[in-house]
Amino acid sequence: MFYLSEIEHTLRLPPHLLNLPLNEAIKGELEGLFVDKVIANLGLGISIYDIRSIDGGFIYPSEGASTYTVKFRLVVFRPFVGEVITARLKGSNAEGLHLSLGFFDDIYVPAPLMPVPSRSEPDPDNKNQVRWIWKFDEQDYPIDGVDEIRFQVHNVSYPSIPLEQDRDSKPFAPMVIKGSLDADGLGPISWWI
Amino acid sequence: MKILEANAGALTNFEVLDFLRSRGAGRDPTRVIVPILPSEFKVYDYLEQTAACNQTRQVIDEFLGKCKSIDLAKAEILNIINIRPSSLVELYPIIEEYDTRFGEAAETMEEFVETVVQLLPPPPNQMQSEEEEGTSTDQKEAPDEEKTEAAE
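As you go down the protein sequences, you meet chains A and B in turn. Okay, so the first sequence: first residue is 1 according to UniProt numbering, each after it adds one. Okay, so the second sequence: first residue is 1 according to UniProt numbering, each after it adds one.
Don't read these hints as lab results, they were simulated from the structure. Some clues are possibly wrong.
[What the hints assert, rightly or not] If you want the footprint, here are the derived chain A segments under chain B, 3+ residues with CB under 8 Å: (1) 2 to 14; (2) 29 to 36; (3) 45 to 54; (4) 72 to 83; (5) 93 to 107; (6) 174 to 187.
Idealized CB from N, CA, C, for every residue including glycine.
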């Protein structure tokens, strides 16, 4: 789920940070660059774990700032295919479920990966939402958002930034997890306990 | 930016939580003084809801020792520590090709689930339900005391 990744980065340290100790100043700059950002094919940056080395400090001609080469380790969130994760329900429509981890929201369970046989019904409490119901042994098991939901990672994709976007399309997500509920032991926790 | 090593080691949920705690998350109720970013607090809040919040290094070390008797992949052990399955059915999706690998060894897997339940502490929502049961019995006792007082 979480990994450490070692990264080397060359960054320009603006002169207004010169009053801070070098370590702190560089860490602050790195946090602005990498934390809470998705790096393609690497994952979502969670936190700077440690700084391995700081080299350089050159001032290039006609520049008012020093440039450092930093090696550091970053904690990244990168789920592997087949991993089971608990999440909360964020929304649901006829196409499937939208789940959230709190710090990461772009998790979708499409209708073909819902437990078989299941159907969707309009939600009586909320007009824009539907309620998914799994039918098992003549009994209905609804997904109502009260419980945490366990899903299995089906794939993780890093879509490239679109050149043009429609006005009403949903915001661009740099990392999308496709989840599956179609196996024993997956779905709301109350189904199994 | 150059990625030197994309995978320099996997972390369990507990290790990430421990790392955030070591930097001061959780001790400061205002969440302003400690040098932790809002996005890191979101991760912290999520991890506090999972089974990782009560785990300790000793517990995980002990559990890893027990895992050696069963042929499990590293990722599966990691996933078991993160999820803490409390029944056999919760273990099915975590383990790849469960039926071919462990389909015949139902007893050993049941024992394995028992060690998981015994060693790893339960997640907070299950703890709460246990506590609620405890308080409900207390409440039942409490009115009796009042009655006795009233009778006196």
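Structure-based check of all given hints:
Judged by the Cβ-Cβ criterion of 8 Å, the stretch 2 to 14 of chain A is covered by chain B as claimed, because 8 of its residues qualify and three suffice. Only when three residues or more bring their CB closer than 8 Å to a CB of chain B does the claim for the stretch 29 to 36 of chain A stand; here the count is 3, and the claim holds. Closer than 8 Å: that is the beta-carbon criterion, and the stretch 45 to 54 of chain A has 3 residues meeting it against chain B, so the requirement of 3 holds. Here the stretch 72 to 83 of chain A counts 6 residues with a CB under 8 Å from a CB of chain B, which clears the bar of 3, and the coverage holds.
With 3 residues having a Cβ less than 8 Å from any Cβ of chain B, the stretch 93 to 107 of chain A passes the three-residue criterion, so the hint holds. Counting residues of the stretch 174 to 187 of chain A whose CB lies closer than 8 Å to any CB of chain B gives 4, so the stated coverage by that chain holds, three being the minimum.
Checked against the numbered hints above, the structure breaks none of them.
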